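Participant: Listed below are the residues making up each chain.
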Amino acid sequence: MTEPVYARKRIMGNLPDILQLLFTGLAVGSIYAIIAVGFTVIFSSTQVVNFAQGEFVMIGALVSYWLVGAEHGPHLPLLLALPLAVLTAMFVGSALGWVLMRPLKDASVTTLIIITVGASMLMHGIASMLWGKDPVSVTAFSKTSGYSLYLPAALTGPDAYPVYIGTQELWVMGLAALIVLLLTFFFNKTMVGKAMRAVSVNRHGARLIGINVSRMVVGAFALSAAIGAIAGAAIAPISMASYGMGTMLGLKGFAAAIVGGLGNFPGSVIAGLLLGIMENFSATYISSQYKDAFAFIILLVVLVISPNGIVALFRRRRARA
Amino acid sequence: MTTLLDVKNLTRAFDGLIAVSDVSFSITGGQIKALIGPNGAGKSTLLNMVSGTLPPTSGLIAYQGRVISNRPPHRIAGYGIARTFQNVELFMNMTVAENVMVGRHLRSRGMLFSAMFRLFGTAAEERRVREDALRFLERVGLHDQADTPASELPFGRQRLLEIARALATEPRLLLLDEAASGLSTREKRDLVSLIYAIRDAGVTIFMVDHDMDLVMSISDEVVVLDHGEKIAEGTPTDVQHDERVIAAYLGEEAAHA
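Residue numbers (the numbering used here), protein chains in the order written: chain A, 1 to 321; chain B, 1 to 257.
If we strip away everything but chain B, and leave its shape as in the complex, we get (with noise of 0.2 Å):
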C-alpha cells in the first residue's frame, strides 16, 4: 500500500505557545490509524491543520503527494479528505437526509447560477442526490429516519449521521475527532463494526480518541502526542510498551491523583 499522507515537520504556535512542535508521520492507504495523548497534547490542533481549518505556522501536508497545507478547507474537502467532530457539527435546521444531501455538494453538478436559472432540471437532481444520501444512511443505519429534523435525533445517532454526512463527499481519508466520545457501551461496540466496514469499503482512517480500549483494539498503529511532540509511534504492542507513552500517562495520572 502506498502513502496516502504525510505530515512533515509540522508546527503550530499560538502567541509563542507551541501547540504542535516538528511533528512528522505518514499515513498508508487501507490502515486505521490513531492519534493519541493526553489532553492538551496538541491532538485537536494537528488534526485542525489536516483538514485545512487553521494553517501551520511551519512544516507541511501533503495528500497523494500533493501539497495541501495551504489550501481552503472546502478545497481539502474536495480532494477526499472527510471529517467529524467531537461536538457534532450538522445542520440542525434540516431533516437527516437534508444533511447527508449537501454533504453530496461536492459531487453534484448544480451549480450556482445553473440553479437559479434552470430550477426544474436541478429538482431532477435533487431527486437522483436524495437517493445517493438514502444510501449513504443505509450504511449507518438512519434510512429509517431519514425525514427526521436531525436536532431531534439522540446524540449517538446524530454521531453517526455526520459520520454519514462525511462519507457522502466521497473522501479515501476519513479524520474522526472523539467519535467515541459520549456514546455507551452499545454504542461504542456498534461505532467499531461501522469503523471496520468503512475501511473495508477502501477508506482509510486517522482517528483522535480518548477511549484507550477502543484505540488499542481497532488501530494498525498509533502515534502519541505529548506536549505537541511526538513521542512515539508504532502498532498499539509497541506504543503501549513505550517508556516515554507510560511516563506521559502515568505523569498524568498521578498530577491528577
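For reference, chain A alone in the conformation it holds in the complex (with noise of 0.2 Å):
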C-alpha cells in the first residue's frame, strides 16, 4: 500500500534534479549546436570538414577575455569587445579560407581537410604563447549570477532543492536562438545567402551565372568562424578560457554535426541540443569520469544504425510509414 506512494514521491523529489540537469544541458548543448552548424556552413560550400572550427571558439573566448577582463588588457565594455573578438576570428577564418582556396584549389578534399587540421594546431600554438596555458575565468555578461526557482511544495516536497538558473547559461540559449534565427533568415531571404546556397549544391552552375565560387567559400568560412568565436565568448565564463579549449569543444561539435547528418542544418542544432543534455544526464547517473566519452558513444551509435544522421532516420521511419 505504501510502496507506489513512496515511488512516486522518489520520482517527484528528483524532479528538480532533472530540470536542473535539462537546463544546463540546453546551455552547453546550445553550445554544441552552434559549433556543429559552424562545420555545416563550410562543409556545405566545399565538402571540407574544418577541423579549425573548434579554435574559433578559443579565438572568441580569450580574445574577449583579454579586451574585458585580462590585467594588462584595455578593459574594454562587453558591448564592444564582443564584436572585436568576432571581428578577429572572422579575420582568421578568412585567412584559412583564402589559403583552401587559392593557393591550394586544386589539392583533393582529404588533403584539405588535413590542411584545417594543421591550421587547428598553428592556432593552437599561437594562442598558447600569447595567453599561456593555464585556464583564465572570464567575467559573466550579466551582473546577476542567476534565478533560485523554487517548484511548488505540492510537487516536490517541502525539503526540495530550488533549480538555479544561470543568467549566462541564458546568455548562452539566448545567443545560439539568435544565430540559428538569423541564419535561418540569412541563407533563405537575401542574395548573399541564396547565392551560398547554389554554391554548396552546383558550383559549377553557379559559376557560370556570375558568382565568384571563392569569395563565397572565403565568406563561409568567415560566417563560420563568427558564430564559433560568439559561442567561445558565451561558453568562457562558464567554462573558463584556455589555449585548448577549442580542441574537445570542436570535437563535441563535429560530433553533433555527423549525428545530425553533415550539411544538415536543422539536424545539426536539434543534434547538439540532444548531445548536451545526454551528455549531462549521463555523467550524473552513470559516471561523470566518461562524461566525454559518452558523445562519441552516441557518434558511434548513430553512425552504425544510421550513417546519415538522425535526421535521416526519421525521414526513412516516415517514409516507410
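In short, the hints are calculated from the structure, not lab data.
One thing to keep in mind: the hints can contain errors.
As the list claims (entries may be wrong) - Which residues of chain A face chain B? A few of them, derived with a C-beta cut under 8 Å, are:
| id | residue |
| --- | --- |
| 1 | 194 |
| 2 | 195 |
| 3 | 204 |
| 4 | 210 |
What the hints assert, rightly or not - Restricting the straight-line Cα-Cα distance to at most 20 Å, the calculated cross-link-like pairs of lysine to aspartate or glutamate (EDC-like) are:
| id | chain 1 | residue 1 | chain 2 | residue 2 |
| --- | --- | --- | --- | --- |
| 5 | B | 188 | B | 211 |
| 6 | A | 189 | B | 131 |
| 7 | B | 8 | B | 22 |
| 8 | A | 291 | A | 17 |
| 9 | B | 188 | B | 213 |
| 10 | A | 189 | B | 125 |
| 11 | B | 188 | B | 178 |
| 12 | A | 189 | B | 147 |
| 13 | A | 189 | B | 132 |
| 14 | B | 8 | B | 229 |
Quick caveat: nothing in here was measured; it's all calculated off a predicted structure.
Note that CB positions come from ideal geometry on N, CA and C, so glycine has one too.
With the hints as a guide, bring both chains together as one complex.
Facilitator: Structure (C-alpha cells):
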C-alpha cells in the first residue's frame, strides 16, 4: 500500500534535479549546436570538414577575455569587446578559407581537411604563446549570476532544492537561438545567402551565372568563424577560457554535426542540443569520469544505426509508414 | 550590326589529343548562329572555352573587342555571356523562383558583408529581386510554378527554367548547349518560338545542337566542326550543299551502318 506512494515521491523529489540537468544540458547543447552549425556552413560550401572550427571558439573566448577582463588588457565594455572578438575570428577564418581556395585550390578534399588539422595546431600554438597555458576565468555578461526557481512544494515535497537558473546559461541559449534565426534568415531571405546555397549544390552552375565561388567560400569561413567566436565568448564565463578549450568543444560539435547528418542545418541544431542534454544526464546518473566519452559513444551508435544522421533516420521512418 | 564575339585561331589540346584546332569565326550582334558537327567534333570543348570553364591552349576569344579567353567564368558571365547546359545544371535544393533569383546575383547589390550586417535592407532587396525573377519566369512561361522545387519540374521545364536563369543575368550573348535534346516535338516547337522571342529582345544566340532540322530552320549562320577543325561556315543552305559537310555526315552514317 505504501510502496507506490513512496515511488511517486521519489520521482517527484528528483524533479528539481532533472530540470536542473535539463537546463544546464541545454546550455552546453546550445554551444555544441552552434559549433555544429559552423561545421555545416563550411562543409556545405566546400565539402571540407574544418577541424579548426573549435579554434574559432577558443579565439572568441580568449580575445573577449583579453579585451574585457585581462589585467594588462584595455578593459573594454563587453558590448565593444564581443564584436571585436568576432571580427578577429572572422579575419583568421577568412585567411584560412583563402589559403584553402587559392594556393591550394587544386588539392583534394582530404588534403584540405588535413590542412585544417594543421591550421588548428598552429592556432593552438599561437594562442598558448599569447595567453599562456593556464585557464583564465572570464567575467560573466550580466552582474546577476542567476535565479533560484522553487517548484511548488505540492510537487516535490517540502525540503526540495530549487532549480538554479544561471544568467550566463540564459545568455548562451539566447545567443544560440538568435544565431539559428539569423542564419535561417540569411540563407533563405538574402541574395548572398542564396548564392552560398547555390555554390553548395552546384559550383559549376553557380560560377557560370556569375557567382565568384572563391569569394563565397571565404565568406562561408568568415561566417563560420564568427558564429564559433560568439559561442566561445558566451561559454567562457561558464567553462573558463584556455588555449586548449577548442579541441574538445570542436570535437563535440563535430560529433553533433555528424549525428545531425553532415551538411544538415536543422539536424545539427537538434543533435547539438540532444548531445548536451544526454551528456549531462549520463555524467550524473552513470559516471562523470566518462562524461566526454558519451558524446562519442552516441556518435558511434548513431553511425551504426543511421550513417546519414538522425534526421535521415526519421525521414526514412516516415517514408516507410 | 557589329561583331559581338570573335574567335581567333582557337586551339585546345588534351594531352596531345587536339580537340579544337585553329578555329576562327565571329558572331554578329542580333543573329542566331549555330555550331554543328558529328559527335566528338569538339563542339562542347569550344563552348566551354567561350564560357571560360576551359582555358584555350592557344588562340583567343574577344567579346565586344575585349579579350576574355583568360578570364574566370564568373567574370565572363558578368560581361554579358550566359549559357545553359545539355544536362541542366540547376540548383536542385531551391524553388523555381529562387533559381532565377540567384541568377540576378550579378545584377543585385547585395554584397557579402553588407548582407551580414544590414539584414533588413537586404530583405527589401530580396523582395525586389523576386519580382524581377517572376518577370523572367513569365518570359519562359513558368511563372505559375514559381514556388515549386526545381527538382520536381519535368525535364523539359527544367530546361526552360535554366534559360530563364540565364536570361536573368541580362546577357547580350546566350550560349545554348543542346537545348533541344530530350524535348518532345511540342516542347521543341515552343523552344523555337522562345528562341525567336529572346533574339527579338536583343540577345544574340549561339547554339550547339544535334537536331539538324531545328538548326537549319532557325539559324542565320552555321559553323560546322569535324575532328576539331572548322570545315564550313555560312547560311544553312550553303552549308547543306557543302561537299565536306556532306562527307563528314555521310561518313559518320556509313560508319554506323
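Participant: Against this structure, judge whether each hint is valid.
Facilitator: Going down the list of hints, with the structure as the test:
Given hint, residue 194/A at the interface with chain B, holds; its Cβ is 5 Å from that chain's nearest Cβ, closer than 8 Å. A distance limit of 8 Å between C-beta atoms decides the matter here; for residue 195/A the minimum to chain B is near 5 Å, and the interface restraint holds. Annotation: interface hint on residue 204/A holds; nearest CB of chain B at approximately 6 Å, less than 8 Å. Interface restraint check for residue 210/A: the shortest CB-CB distance to chain B comes to about 3 Å, inside 8 Å, so the restraint holds.
Our distance criterion of 20 Å between C-alpha atoms is met by residue 188/B and residue 211/B, whose separation comes to about 10 Å. As the CA atoms of residue 189/A and residue 131/B are separated by approximately 14 Å, the hinted pair is consistent with the 20 Å bound. Under the criterion of a C-alpha separation no larger than 20 Å, the hint pairing residue 8/B with residue 22/B is consistent with the structure, at around 8 Å. Distance check on the hinted pair: residue 291/A and residue 17/A sit about 18 Å apart at the alpha-carbon level, within 20 Å; holds.
The straight-line distance between the Cα atoms of residue 188/B and residue 213/B is roughly 11 Å, inside the 20 Å bound, and the hint therefore holds. The suggested pairing of residue 189/A with residue 125/B holds, with an alpha-carbon distance near 9 Å, which does not exceed 20 Å. A hinted pair counts as satisfied when its Cα atoms are at most 20 Å apart, and residue 188/B with residue 178/B qualifies at roughly 11 Å. For the given pair, residue 189/A sits about 14 Å from residue 147/B by alpha-carbon distance, which is consistent with the 20 Å threshold.
With a C-alpha separation of about 15 Å, the suggested pairing of residue 189/A with residue 132/B holds against the 20 Å cut-off. For the given pair, residue 8/B sits about 13 Å from residue 229/B by alpha-carbon distance, which is consistent with the 20 Å threshold.
Violated hints are absent here; each numbered hint is respected by the structure.
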